[in-house]
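Protein chains: 2
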Amino acid sequence: MKQAAAAGTKERVRIKDGFWDAYAALVRDTVIPYQWEALNDRIADAEPSYAIRNFRIAAGQEQGEFGGMVFQDSDLAKWLEAVGYALGTHPDPELERIADEAIELVAAAQQEDGYLNTYFTIKESGKRWTNLYEAHELYCAGHMIEAAVAYYESTGKRRLLDVVSRFADHIDSVFGREEGQLRGYDGHQEIELALVKLYGATGERRYLDLAKFFIDERGAEPNFLVEECGRRDGVSHWTGRQQPIPSVRQMAYNQAHKPVREQDVAVGHAVRAVYMYTAMADLAGLTGDAELLESCRRLWANMTGKQMYITGGIGSTHHGEAFSFDYDLPNDTVYAETCASIGLIFFARRMLQLEPKSEYADVLERALYNNVIGSMSQDGKHYFYVNPLEVWPKASEGSPDRRHVKAVRQKWFGCSCCPPNVARLLCSLHDYVYTASAEDDVVYAHLFIGSEARFELKSGTAAFVQTSLLPWQGGTRFEWTEAPETAVSLALRVPSWCGGQALLKINGAESAYRTVDGYAVLTRVWAAGDVVEWEPRLEARLIAANPEIRADAGKAAIERGPLVYCLEEVDNGAPIASLSIDPDTELIPTFDAALPGGAVSLEAAGRRADLAGWDPDQPYRPLGQSPEPAAAELRAVPYFLWGNREPGEMAVWIRLSRV
Amino acid sequence: MKQAAAAGTKERVRIKDGFWDAYAALVRDTVIPYQWEALNDRIADAEPSYAIRNFRIAAGQEQGEFGGMVFQDSDLAKWLEAVGYALGTHPDPELERIADEAIELVAAAQQEDGYLNTYFTIKESGKRWTNLYEAHELYCAGHMIEAAVAYYESTGKRRLLDVVSRFADHIDSVFGREEGQLRGYDGHQEIELALVKLYGATGERRYLDLAKFFIDERGAEPNFLVEECGRRDGVSHWTGRQQPIPSVRQMAYNQAHKPVREQDVAVGHAVRAVYMYTAMADLAGLTGDAELLESCRRLWANMTGKQMYITGGIGSTHHGEAFSFDYDLPNDTVYAETCASIGLIFFARRMLQLEPKSEYADVLERALYNNVIGSMSQDGKHYFYVNPLEVWPKASEGSPDRRHVKAVRQKWFGCSCCPPNVARLLCSLHDYVYTASAEDDVVYAHLFIGSEARFELKSGTAAFVQTSLLPWQGGTRFEWTEAPETAVSLALRVPSWCGGQALLKINGAESAYRTVDGYAVLTRVWAAGDVVEWEPRLEARLIAANPEIRADAGKAAIERGPLVYCLEEVDNGAPIASLSIDPDTELIPTFDAALPGGAVSLEAAGRRADLAGWDPDQPYRPLGQSPEPAAAELRAVPYFLWGNREPGEMAVWIRLSRV
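If you're matching them up, the sequences are chains A and L in order.
First residue of the first sequence: 1, per the numbering used here; consecutive thereafter.
First residue of the second sequence: 1, per the numbering used here; consecutive thereafter.
The shape of chain A in the complex, shown without the other chains:
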């Protein structure tokens, strides 16, 4: 099933959307070329990447030392993956030529036995597979595999696919349960989901089995990563010195503290977690593993129900870029790494494939429209790694506890996982709009993004064009261009943000519908020219957080459709914390062309604490000495746009003037 779904996906959905086309164009026209410059160390004032140079040295084309992080190879891989997707929708011979050359470089760096990793080739030759815990060897392999699959599927070129297949075969010979094989797995999950993709592209079952091996071994006793540390006498890649051997419990950081089937709370490094959950969902579907599916459901429920920011961000603490514990969602010391939200989207997509329930798509949309696109500047050249919900620029400079929270998007990072991850997601967005079940003759529309879509169902071809005015206006239209002769279903998501109020018209006539798992399921014999109009109510609303989330107590956020809003200093003055919002305020939308790209801002009624009456040297005084806060007009802008004008304070959660 998965294999069939993967092959040719790119040909079936093509995005044509007033909002998203600009992002895709930005990635193609700016991000991909800019990142290529970055990979080649040609960006002034940015930390060098060393990624291309490392491959040249490993290929014997240049002399020098390895540069950058131990996982630097993955940056080139993610770039190639993005290029693969981009070429699938927008042929570009010059870009393809550059990518082909880069692929030749990768091939040249591959070793005789199929091994491929510039760090261990250049710098620690002979130490292959001795530090899975820290050295990201299989992680880098996974990213190169993902790149190869994307590039093969869009261009039909097998060069990189053959390279990574040889590498995967080598990995398959090194890892396993036979005598002389390593019964282990990577410290940073990624290879697992990549091997599933490689299985999809090649049909080679052993890649699927290898993915399952890695997932099944993870967290089993005796703990491989702990024992591996012991074999190295605890010598750490990062410090170069002996460290205490970690306990099994500490392996929670790597989600290897117990078998994955026994895990029910999202713990540890957030990106590792969601990459693993993605592979678990893949395997649950492809192997029919009900126990694994149940684990996925439990982990999903915990993560999205108790550990997710309203922006779709995950990871509450900088320390280990990690989950902390249920309901702990501080807004200012937050992590909410861009890559983690991208991994959350991967996981959601897999769950939608397994069981189309709108809650998965609600979260997918939330992460996409807020945390993910908010991480990138409108020029495509600056990125947030950490995506805060509250920013005080002075704290980012002056408080060590919040130094990781940048108030301004940065150029390419030393550890630059996020920018190419954003690029590859935005270039493959067409994969996230729909899923289909050919067997059940149903197409699910999860996202409201303008697109041409074509699916081969059991009863025949279903094709339609979606047009959408989101996120600024509600209303989506599906016009059929081809339909089977018998009844098939179009299932439209009832997004959580419409409060259950969505209007349906079929060929101009208002129509009732039945809702199954959050989808309006429209089953009939469709004909080319049939028009479905779907209008979920798009109205700005104040949102409250569960009172268990201490950080948001007495506060409200603003949402309108899929967008979370925020207050910025440039519109509202500072301190933002001195403002409160009236719980019964109207939220008046205005389309403001002056906002970057044009956007709907919201006016709201609130109050502002008296600042003028305070002596700056007086920290405290009786409450009775303060006048009632004066009425104030607040202006909220979409969260994803924050930080694109003057730097300043920002907050998503706003104090309520009455609670």
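Derived DSS-like pairs (lysine-lysine); straight-line CA-CA distance at most 25 Å: (1) A/Lys411 to A/Lys381; (2) L/Lys258 to A/Lys394; (3) L/Lys394 to A/Lys258; (4) L/Lys411 to L/Lys381; (5) L/Lys505 to L/Lys357; (6) L/Lys394 to L/Lys381.
What follows is a set of in silico ranges between Cβ atoms, one per label pair, in the way DEER data are often shown: (7) L/Ile245 to A/Glu94: 46 to 52 Å; (8) L/Arg231 to A/Pro616: 41 to 47 Å; (9) A/Glu65 to L/Thr287: 53 to 59 Å; (10) A/Glu65 to L/Gln410: 45 to 51 Å.
Rather than coming from a laboratory, the hints here were simulated on the basis of the structure.
Backbone N, C-alpha and C define an ideal beta-carbon position, used for all residues, glycine too.
Since chain A is already given, all that's left is putting chain L on it; use the hints.
Chain L only, in chain A's frame:
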């Protein structure tokens, strides 16, 4: 002047107070004996101190390795200092015998040339004075000097005074501006204020000059600490490895980034800062240095006006136990180290000596009644090092960002500076109640603590007995027991917490008074038997924070007299964040004998957010779906008592139900 003030202080004020006697007794009967056991490594389940053992090894009485921190000697010193004060008020031959033995042990560990430090004697012989930046050599010297002065002044015994004088003479030979001398200073200030005390006790001017040398050299170019790191090739005491040579700017941690006279913002490690400011104020007074006084005023204004918690805590961040920046006072990631508040009290005391203004005493009282005594459990055996204003026990366990914030007081610490510091302060509390200016024939009453006091003024002896019902009831009474034959002044502080409303009666008759710098100055010819009744209004009030303090926006704290109050989970349920307080609530006091030691609790009207209506797996929902928060009765208890019953959440700042 200073010398005169210091000599015999102990004989002039004797505390007899319903509230404070219990603390002094706790220190004498429990803390001092318990700490002695700790210093001797005889507390089960607590980390060993090694302090006594180190002295034995250094004295050649035992074989072994140095144990504990590089500054472990200071723990014994602080204990001896506390014992000194305790013996001054409560003779105890057995305790004195133990202390004398400990002093003999210290003397035995002193080297031929006067040098005294067990770490460098045992472990790094030959490396004396090569790592002032990190190794606390002069810091430990300072504490032993303070101990010697206290012990000498209470017992008249010179043994330890002679030891530290020899050590100070040795230091004086090592440091200075002559050829072959070190033109440097300690990484952790403390020696400066100690040398001033040694000058006071011995009259030897060279100790004062040496203190001035250390203060004057600090932060001068070229930077001594930076150059010293260079001479060690950056090898660090803490890591044992080469570290990058720090910049002058990084010396802000040690307040050595620029000359002290140019410093105007409190920066760096908070304890180091206030110990230094204390010595600066001492020197400003003793040397008539107006520039230094002006620096003290600026630093005081910044620290107490913009960087102090309402509990009198200072130090906003765990990283470096340090100040962060103006108005940055997070309640949950707070540091507010006990020792820092004690240092703040030292500084305030010196400023009161220089210029009696009630703001100094207001802060002194705030730190004493809240941060300092709150750090100790009611059994005297458990301590907070960090004194948070908001606690969520799960976060202390589950969030690395708040792991330093303990929800329960701990036994003796590995770095155990705080417990003996509390002990020495509480045993010398008599030094903080009054200051007098003999020249001006005035006695200032800064604190309202029952006590017998006697001062030699220019016109003669002034003696009276203060009785006080604080902190539970207002009202203080001063009965004269001896008075000069000419007019002298009793100046009574008008505490900030009375809102300028304080009733005065003299011999039963209500009386007007003039206020100078926050003191009601009563000048007349007093006679034995004269009674002054002084009743500052003691009424619970809601307190607001300056809106620049983001962390407290929309919240209020509760104060009653000198006490800050808090909400605890044991009284109010959890989450505490789900509660709000009505801005116009009455705050009804009740004396509750069931609280540890008996205390006044306060009832207030507030609201509690609906918890029952939330699905635990639902993080967010439209605000409109939540009912109005229900009315709730809140119960606040004194902050200093928190954590003495069941562990749970606690908060000082409470959301207002209307802002």
